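Order-wise, the sequence lines are chains A and B.
Using this note's numbering, the letters of the first sequence correspond one by one to residues 248 to 570.
Using this note's numbering, the letters of the second sequence correspond one by one to residues 44 to 264.
These are computed hints drawn from the structure, not numbers from a lab.
There's no promise every hint is true.
[What the hints assert, rightly or not] Taking lysine-lysine pairs in the DSSO-like style, the calculated list, with each CA pair at most 30 Å apart, reads: (1) B:LYS60 / A:LYS401; (2) A:LYS393 / B:LYS228; (3) A:LYS551 / B:LYS246; (4) A:LYS490 / A:LYS402.
None of the values given here were measured: they were computed from a predicted structure.
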Amino acid sequence: MTRTIIQIFLVCLLVGFCFNSCNNSPTSGDSKKKVAIVVSTLNNPWFVFLAETAAAQVRDLGYESKIFDSQNNTALETEHFENALASGYNAILFNPTDADGSVANVRRAKDANVPVFCMDREVNTTDGATSQILSDNYSGCVALGKYFVQSLRKKGKYVELLGLVNDNNTWNRSKGFHSVVDNYPELKMVAQQSADFDRNKAMEVLESILQAHPDIDAVFCGNDAMASGAYQALTAAGKTNVKVFGFDGAEDVIEAIRSGKIEATGMQFPQLIAEHAAIFADEYFKGKRDFATKMPVAVELVTKKNVDNYLAYGKKEEVQAQP
Amino acid sequence: MDENIIQKSQMRNKVIKYFLLIVLIAFLGYKSVYFRKLDDVKAASSSKAFNATTFARNFYDNKLLLRADSAVDLGALISLLRSEPGQAFNKYSNALAIGNIRYFLVRGEGRITSIGDYATAIELAGQSVKTNINIATEFVYGNAIRDASGLLKLNDFSNTADFNSISENINSIVRNEVLPGFVAKSKPGIGVKFAGAIELNEKYLAIDSIEVIPIRISVLD
């Protein structure tokens, strides 16, 4: 009799334990989920801000996060993906190194049923990433193009410094700019060269271009790091009247616009991009599957006239107020 | 003597062997490589590609102009933006991108007050408070018209470049077909009727510098 009671008690205990585990499993599972943040480079403060904001948002949502730096190297990026998948990461927030070269990594994650949310840079496939949250580079550079034409009063010689040639952002920015500027035949582009989104390289490239074209009126740069490098080269050559245009909304360029050293930039919102990527991962964990394949994020034109409205990287006031 | 004959025979066989080998390699090489004009290749690939010009023309003629007929009156929109901006944005704006920039499809009537390098200033008709807006006559670029309509979605297109090329072609229609007639007849005091798109920053609202990118515009007098 005692034995039967003990057996019934043990069965009840087991059933109760099972029910309890089943009811608690989504919550306990969510709290253990891990999100990898793979970024193209941490050698540029813009991407540092993007990665750290994403990591902070992931942690705020109750998940673990780790940042992987690809150092603009697709092979290293592949290693990070392999490590993340082998280590059991449940989602990847991804800033690709190469629009074509990164496709295989995204597909590898998809095959492993790990969702990938692209941040700021896109990959050239529509069936790889769960969603791609991207700055509207084209529209941002249309606005910059209009301002460029007005600033130069429809005529002059200019140089264009392109970013990484394998990155879609490079060409979307260039196309947006040229969709306006090419309609003005008296605006002549005397040189168009890549400086890989890099400040030092931009300085070197422009120094070289200035040897052949010392009489330029403006430089259009595919990002703010290159705009800072271009401004440095122009200052060193004593050409302080050449107008420089950037794209990003980096801290030093916002200050340079305020002090009249740089004409304008396109303000991107990495905080918005990173937060949305983390929120999308959270929604995915909770069962959502119908994500927009591409989600553009608006870019705003920043000039001396409206620069006081903006903080670097499009940060919200409360973020800037923190120490 | 016999050795010489044997050597010559071996030599001849070698020559024949090498000759046949060269013919075979040349034949395989000829068959595995072929040349086509780059222009022909580009033409073939573009014929398969998305035709933005045709798409934009159909969209402009058959959808956009119809949608413009039911657009919000600009004077009424400006009043609502002044009193309840949140409601105005929720009810009438469209945007494909997340962020502060949003677009409105509007229509209205007014009278030309001045003509500038890049825009024509118009005082809106029937307003209790004097309301001036600008009609863009120079910078008709970007995605304002496409996105203000709310009729097209990015994810219906395979790539962003195709989607942006729709805007380029719509803008081209406006610059080449809509604006020249209006600019030629414009002078201060003349009445105008218009439909178009406006872009506003929801966070930094600038009601006093509204610029309409026209879709359709005509002089009334």
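Verification of the supplied hints:
The straight-line distance between the Cα atoms of LYS60 of chain B and LYS401 of chain A is roughly 71 Å, outside the 30 Å bound, and the hint therefore fails. This hinted pair checks out: LYS393 of chain A and LYS228 of chain B have alpha carbons roughly 25 Å apart, not beyond 30 Å. Distance check on the hinted pair: LYS551 of chain A and LYS246 of chain B sit about 18 Å apart at the alpha-carbon level, within 30 Å; holds. Only pairs whose Cα atoms come within 30 Å are accepted, and LYS490 of chain A paired with LYS402 of chain A is accepted, the gap being roughly 13 Å.
The earlier numbered hint that this structure contradicts is number 1, and it is the only one.
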